[in-house]
Each structure stands twice: as C-alpha cells, then as structure tokens.
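Chemist: Listed below are the residues making up each chain.
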Amino acid sequence: AQTVTQSQPEMSVQEAETVTLSCTYDTSESDYYLFWYKQPPSRQMILVIRQEAYKQQNATENRFSVNFQKAAKSFSLKISDSQLGDAAMYFCAYRSAVGNTDKLIFGTGTRLQVFP
Amino acid sequence: NAGVTQTPKFQVLKTGQSMTLQCAQDMNHNSMYWYRQDPGMGLRLIYYSASEGTTDKGEVPNGYNVSRLNKREFSLRLESAAPSQTSVYFCASSELRGRFTGELFFGEGSRLTVL
Numbered sequence: 001a002q003t004v005t006q007s008q009p010e011m012s013v014q015e016a017e018t019v020t021l022s023c024t025y026d027t028s029e030s031d032y033y034l035f036w037y038k039q040p041p042s043r044q045m046i047l048v049i050r051q052e053a054y055k056q057q058n059a060t061e062n063r064f065s066v067n068f069q070k071a072a073k074s075f076s077l078k079i080s081d082s083q084l085g086d087a088a089m090y091f092c093a094y095r096s097a098v099g100n101t102d103k104l105i106f107g108t109g110t111r112l113q114v115f116p
Numbered sequence: 001n002a003g004v005t006q007t008p009k010f011q012v013l014k015t016g017q018s019m020t021l022q023c024a025q026d027m028n029h030n031s032m033y034w035y036r037q038d039p040g041m042g043l044r045l046i047y048y049s050a051s052e053g054t055t056d057k058g059e060v061p062n063g064y065n066v067s068r069l070n071k072r073e074f075s076l077r078l079e080s081a082a083p084s085q086t087s088v089y090f091c092a093s094s095e096l097r098g099r100f101t102g103e104l105f106f107g108e109g110s111r112l113t114v115l
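Protein chains in written order, with our numbering: chain A, 1 to 116; chain B, 1 to 115.
Among the hints, a few may not be true.
[As the list claims (entries may be wrong)] Derived, one-sided and incomplete: chain B residues facing chain A with beta-carbon distance under 7 Å:
1. Gly102
2. Leu104
3. Phe106
No lab work stands behind these hints, which were simulated from the structure alone. All C-beta atoms, glycine included, are put in the ideal place defined by N, C-alpha and C.
Please put together the full structure from these sequences, using the hints given.
Modeler: Here it is as structure tokens:
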C-alpha cells in the first residue's frame, strides 16, 4: 500500500521570504501523480500544484514550485515571496495512475504560518 | 455556481443516534468521495463512488454507509454514532479529463461531534 509522510507538523516564514515544505512517499508503482493541496482557515481544500511522475520537469504554478526526486521518493513544495494569504494547512497527496477515480492518499499535513 | 455543497455544517449527536450527511455537486462530475479529517491524521477516504450507481469502500468504511442517489448527490450515513466518529467530514467530486487529473473539488466540511 502507498503511504505519504509529511514530517513537519508546523513551519513558519516571514512575508516575502521563501519556505520549503517536505513530503516523502512510498510506492512500488512507477506511474503515479503527486499533489499539494492547501486548506485555509475556511477549511475548503484547493489544489495548489500537480506533478506527473513520468515527467522529469518540476511543476511550477506562479510562486509555487516543486522539487520532485523520483528515485528518492521525495516531493517538496517551495513557496517563494510568501504572502499572508499563504497561511494554511498544506497536504501532500498521492494518486496511482491505475484506476478510474481520483482516489487520493493524503499526508498528515503541515501548518504554515506567515509572519509580517 | 456553488460547486460542492455539504449539509449540515455542524452537528452534535449522542452515542447511538443516527444521521445522514448530504452532499451535492453541480459540476456534472462522475466521481464523488467522502473523507474524514482528524488532527494529526490528515484526510482518510471513507467511501467513494466512481459513477452513478456504484459505490466502493475506502480506507476507513466501518460504521458508515453511503448512497449515490443520482449523479449530483452522494450521502453518508452513520447508523449508530460512536465518539470515535467525531471528526470533520469532507465531500469531494472529480471528473477525469484526458488521462487523469487528480483534482478534487471539496465542500466546506461538516463538523460532527458525538458525545
């Protein structure tokens, strides 16, 4: 069975600085997808960024980028130029490429605080 | 366009009582999911429905039942609530586009407390 581990329960960053959130996963599959979801205080989860395992290029979405290390099974999220609105819980998630649904396996989350 | 709507948002139950969480999506998605979120444990899949008329167990299905009433609606029922079911419940939906997407659209969550 696949597992997702987020070893940092909490992180903090100053506004305009850069922060990296860590995620490792375990799988025997070669084809899969990885995601970072954001959960602000309002509780509604939203997708931040997605990475396809067969693509070597790291995904980027504006100020958000990932460092995908397939051999090491590592998938970290870098937030550049942090803003107060980035304060939230961040969840790393895994999806097998097999199957006809988007069943995701989530990590335990990292709470990010942003200080002015 | 409301997206995914869950009701109720808050509920307090006594042990042994039953209740149903309702979920509806207006995005014409085929797949729907119920997750529970507990402190330090992330989100865990309870049940999912790949398409109208089908339901399958997820990681933590014990104590729950689901009904995919139609393409829009997917309800979660607790037949005899237990304190261990105190949690925040999230409904989500998705639609496969191209190969796969993995983008789930979530409701705002329902906080359930069982005394």
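Chemist: Hints first: check each against the structure and report whether it holds.
Modeler: Quick rundown of the hints versus the structure:
{"no.": "1", "hint": "Gly102", "verdict": "holds, 4 Å"}
{"no.": "2", "hint": "Leu104", "verdict": "holds, 6 Å"}
{"no.": "3", "hint": "Phe106", "verdict": "holds, 4 Å"}
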